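Position 26 of the sequence shown, counted from 1, bears residue number 14 in our numbering, the numbering being contiguous throughout.
Honestly, the hints are just simulated from the structure, not real lab data.
Note that the coordinates shown come from a computational prediction; the quantities given were computed from them, not determined experimentally.
Errors might be hidden in some of the hints.
FRET-style restraints, in silico, Cβ to Cβ [to be verified]:
#1 Leu184 / Leu29: 48 to 56 Å
#2 Asp146 / Thr25: 33 to 41 Å
#3 His145 / Leu180: 39 to 47 Å
#4 Asn78 / Thr200: 25 to 33 Å
#5 Asp112 / Ala82: 41 to 49 Å
#6 Trp49 / Leu88: 32 to 40 Å
#7 Asp146 / Arg35: 32 to 40 Å
#8 Tyr52 / Leu88: 47 to 55 Å
#9 Thr200 / Leu88: 46 to 54 Å
#10 Trp85 / Leu192: 44 to 52 Å
#11 Tyr52 / Ser14: 28 to 36 Å
#12 Gln32 / Leu180: 50 to 58 Å
Quick reminder that beta carbons are idealized off the backbone N, C-alpha and C, glycines included.
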Amino acid sequence: MGAGTSSDETLPGGPPLRRETSRLLSFSDGVFAIIITLLVLDLQPPRVGRGQMLHALVEQWPAYLAYVTSYVYVAVNWLNHRAAFNRVVNSGKALQWYNLAVLFSTALLPFATSVVSQAMREGDQADQRTGVVVYGLVGVLVSVSWLGLYHYLARHHDLLDQTVPRRFFPAERARAAVGLLGYALAILVGFLTSPLIALVIFLLLPAFYSLTSSGLYEIRRLRHPRG
């Protein structure tokens, strides 16, 4: 069906979406919302005696850092997901499976966040190394899933709106590869030298994705249209 038929929907600032693609996007939005909600559940008020609350809250700094890092990471994943599927006008089984792989890997972040938070809060150096390795492996898995999705879309331009430049998804694929290398580096650094340095890398990677996010570009373009 053409873009003007009743089976198509349109996202603000984007091309028409086939109904099947629109359902896929709505389902994915719901999953991302649940993931972000699960992240905050790890932030529990400490049980302490009188006069010890402030000290106990400060001691939970690893939980706050892990939450902020993962929240930004999930948020940027969601923005990039919207930006990618805003350019898709037709989806098939293969694309749906690639999308499910992205959701599967991202859904592991609350678990990895809880592990690294508890390891940094209560564990010894061996526990901390284990924590950063677990978080890093999930980051690698997320990056691999995005790499697969972007590679598929880069090779199947017929699924995209005709206005999408052919270089768009190859460029996004390169960003995913940077993340893959970054998380792999963090695993090596955290396991062999310092878990704290690995945490810094974990914090910098979402910042990198934020600054280069095509999803954020979409928001800026809608707020400040040319002409």
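Quick rundown of the hints versus the structure:
1. Leu184 / Leu29: 48 to 56 Å: violated, 25 Å
2. Asp146 / Thr25: 33 to 41 Å: The hinted range 33 to 41 Å holds for Asp146 and Thr25, with Cβ atoms some 36 Å apart.
3. His145 / Leu180: 39 to 47 Å: holds, 42 Å
4. Asn78 / Thr200: 25 to 33 Å: holds, 27 Å
5. Asp112 / Ala82: 41 to 49 Å: holds, 45 Å
6. Trp49 / Leu88: 32 to 40 Å: holds, 35 Å
7. Asp146 / Arg35: 32 to 40 Å: About 58 Å separates the Cβ atoms of Asp146 and Arg35, which means 32 to 40 Å is violated.
8. Tyr52 / Leu88: 47 to 55 Å: About 31 Å separates the Cβ atoms of Tyr52 and Leu88, which means 47 to 55 Å is violated.
9. Thr200 / Leu88: 46 to 54 Å: This hint is violated: roughly 25 Å between Cβ atoms.
10. Trp85 / Leu192: 44 to 52 Å: violated, 31 Å
11. Tyr52 / Ser14: 28 to 36 Å: holds, 32 Å
12. Gln32 / Leu180: 50 to 58 Å: Taking Cβ atoms as reference, Gln32 and Leu180 lie about 32 Å apart, which means the hint is violated.
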